[in-house]
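Novice: Got chain A sorted already, so can you dock chain B onto it with the hints?
Just so you know, the protein sequences line up as chains A and B, in that order. Note that my numbering numbers the first sequence so that position 47 is 525, with each residue one more than the last. Note that my numbering numbers the second sequence so that position 9 is 14, with each residue one more than the last.
Derived from the structure by calculation, the hints contain no laboratory data. Any given hint might turn out to be false.
Here are the in silico distance ranges between beta carbons for each label pair [to be verified]: (1) A:593 x B:12: 46 to 56 Å; (2) B:142 x A:593: 27 to 37 Å; (3) A:573 x B:135: 52 to 62 Å; (4) B:37 x A:488: 26 to 36 Å; (5) A:513 x B:14: 37 to 47 Å; (6) B:142 x A:493: 52 to 62 Å; (7) B:37 x A:540: 23 to 33 Å.
Below 30 Å or equal to it, Euclidean Cα-Cα: the simulated BS3-like pairs (lysine-lysine) are [what the hints assert, rightly or not]: (8) B:108 x B:25; (9) B:58 x A:536; (10) B:19 x B:108; (11) A:572 x B:25; (12) A:572 x A:491; (13) B:25 x A:491; (14) B:68 x A:536; (15) A:569 x B:25; (16) B:75 x B:58; (17) A:491 x A:569; (18) B:75 x A:536; (19) B:58 x B:68.
All C-beta atoms, glycine included, are put in the ideal place defined by N, C-alpha and C.
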Amino acid sequence: MPSRPAGTLYRGKLGMWSWVLHRITGVGIYFFLLVHILDTALVRVSPEAYNSVVASYKTTIIGLAEIGLVGAILFHAFNGIRILLVDFWRKGAKYQNQMFWIVLVLWVVLMAGFVPRQLMHIFG
Amino acid sequence: MVVIETPNSPRSRKGAQWEKRAWLFMRFSGVFLVFLIIGHLSVNLVLPEHGVKAIDFAFVAGKWASPFWKVYDGVLLWLALLHGTNGMRVIVADYTERLWIRKALTITLWVVAATLIVLGTLVITTFDPCIDPNVHSYLPDLNCHA
Chain A
479 MPSRPAGTLY RGKLGMWSWV LHRITGVGIY FFLLVHILDT ALVRVSPEAY NSVVASYKTT
539 IIGLAEIGLV GAILFHAFNG IRILLVDFWR KGAKYQNQMF WIVLVLWVVL MAGFVPRQLM
599 HIFG
Chain B
6 MVVIETPNSP RSRKGAQWEK RAWLFMRFSG VFLVFLIIGH LSVNLVLPEH GVKAIDFAFV
66 AGKWASPFWK VYDGVLLWLA LLHGTNGMRV IVADYTERLW IRKALTITLW VVAATLIVLG
126 TLVITTFDPC IDPNVHSYLP DLNCHA
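So here's chain A without its partners, still in its complex pose:
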């Protein structure tokens, strides 16, 4: 076996972390989507079946988890637009770092609007 050469650990800085976050949020959203299609399908079974399952979304713990879900979706959405600009805009690759900061600022602004609203709904 050849020995591992030193100093080859990839350090992609912000661009790499945006890629890692895009993957993790994408996988999380995917598995929620599978569950969400199945729970919505219960409207075709009976109002009771649908209402009893949707009631679990109204609990405190799932209400808080929804903040994570919305956070993942918003990050994936804005970073997805950033990826699109990196791929199709002439200066996209040059400004990818700045665009990542814009993604984070947009994310913080929208979450600052959503989180209090959601907390009011959960505990109100």
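Specialist: What follows is chain B alone, placed relative to chain A:
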């Protein structure tokens, strides 16, 4: 270890074409999904007075009384599931080394996607608010034939 037996043999144009289309699909569906999902979250989670607590059978029946929301939810279902499945396919291809595991997982992903697209589309297109005997209390204009 991955052994590339004939690295200088010509690559399949067909496979490359498919990958390019999948790559383009991710970007174009992504743009639509950004708008669709923000609308979806606003209308169902943020704007209603009690947020998620307002969602029940009556809420869905009220929305799906309008063809607009049926088409909206149908397009969201198709685009989100195809976008998500293709993303998972790329991740599986990145992290699996043995070909049979990759193939098994990829086939599973597409079977799940096809099943849920058929199920979801049928649910939207054949939805019947009249299975709720109290439907007239929230959709008074609805005409249910016995």
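Novice: Under the constraints set out in the numbered hints, which ones does this structure not fulfil?
Specialist: none
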